[in-house]
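Q: On the provided structure of chain A, position chain B as indicated by the hints.
Chains as they are written, first to last, in my numbering: chain A, 1 to 108; chain B, 1 to 122.
It should be emphasised that the hints constitute simulated quantities derived from the structure, not laboratory data.
Glycine included, each C-beta is placed from N, C-alpha and C at the ideal position.
Treat the hints with care, since some could be wrong.
Straight-line C-alpha distance at most 25 Å; calculated DSS-like pairs for lysine-lysine [unchecked claim]:
1) A:K108 / B:K43
2) B:K43 / A:K45
3) A:K45 / A:K108
4) B:K65 / B:K43
Derived, one-sided and incomplete: chain B residues facing chain A with beta-carbon distance under 7 Å [as the list claims (entries may be wrong)]:
5) L45
6) F95
7) S104
8) H106
9) P107
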Amino acid sequence: DIQMTQSPSSLSASVGDSVTITCRASQSVSTFLNWYQQRPGTAPKVIMYAASSLQRGVPSRFSGSGSGTVFTLTISGLQPEDFGTYYCQQSYSTHLLTFGPGTRVDIK
Amino acid sequence: QVHLVESGGGVVQPGRSLRVSCAVSGFSFSSYVMHWVRQAPGKGLEWVAGISFDGSNRYYADSVKGRFTISRDNSKSTVYLQMNSLRPDDTAIYFCAREYEGGSAHPYLDYWGQGTLVTVSS
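So here's chain B without its partners, still in its complex pose:
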């Protein structure tokens, strides 16, 4: 059974850093592209970052480029999001998700974690 479990959220002051993690089980982690998606309180979904199966390629939304870094450790089946220079508008639930393509060659996010809340406030 596939599981994605985020951790590391909490309250952090503006300008500080935080790293959130997503530990996965139930599938061959090193074969999949992984993403982080966030949702501010009462707002919609915003894609944040993605990382290729081997970590060699990383992709970022303009809103976090230069401040956030996505990485992965395939030996630990874990994907990370290092968030620096945090701002109040980074306050959100952060979800990790698996990208699946299958035979359709049309990728989509098929498994999601439950999310971890990051609150940026003084």
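Here chain A stands alone, though its shape is the one from the complex:
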């Protein structure tokens, strides 16, 4: 089974800062890597798919990169509405999905 890790587990940043979250896979997942944002009390929402493709309607301050085993999600110019928990998820194993443990983003 493919295992996913994320770092940091949490971070606190100010409005306007740039923040980067790293996700690592236990084996290569090529670019079959997605990112989700979850605000408290709500369902997750996809923000990035195929490692670097921005989901429709998601602000362009979000960007993703990586391939193989190491991926990053960057928020350039953090906004108050960006608080929440971010999860990476691999879809390399067809229909056998794995999520990372999550990174909680707080706004200072």
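A: Below, chain B alone, put in the same frame as chain A:
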């Protein structure tokens, strides 16, 4: 407009069974792979199970294999999760989600329901 609505959650004793449902509307249900994802209180997301568009293939996390069964009724646009031999660590919000691939050939979960809470407790 796409909607996914889960139902059937509740409080159940350890060792008992429960079935949760997810009724969908707004898209051609029979054309999509569907998944169940759960989230224990204060914890992260855990993928539970997936089912192919026609129900012929089913996929499970090791943590639920042999106890949970995913199924679907395309005539009712509904996906189910039958949960047997429930344990306290199965306590979670259970979300259903649609898998979308599109032109990228890289699948992801693009629509989610609001979730239904299952509590396993004596």
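Q: Now tell me if each hint is right for this structure.
A: Consistency of the hints with the structure:
{"no.": "1", "hint": "A:K108 / B:K43", "result": "22 Å, holds"}
{"no.": "2", "hint": "B:K43 / A:K45", "result": "17 Å, holds"}
{"no.": "3", "hint": "A:K45 / A:K108", "result": "23 Å, holds"}
{"no.": "4", "hint": "B:K65 / B:K43", "result": "21 Å, holds"}
{"no.": "5", "hint": "L45", "result": "4 Å, holds"}
{"no.": "6", "hint": "F95", "result": "6 Å, holds"}
{"no.": "7", "hint": "S104", "result": "5 Å, holds"}
{"no.": "8", "hint": "H106", "result": "4 Å, holds"}
{"no.": "9", "hint": "P107", "result": "5 Å, holds"}
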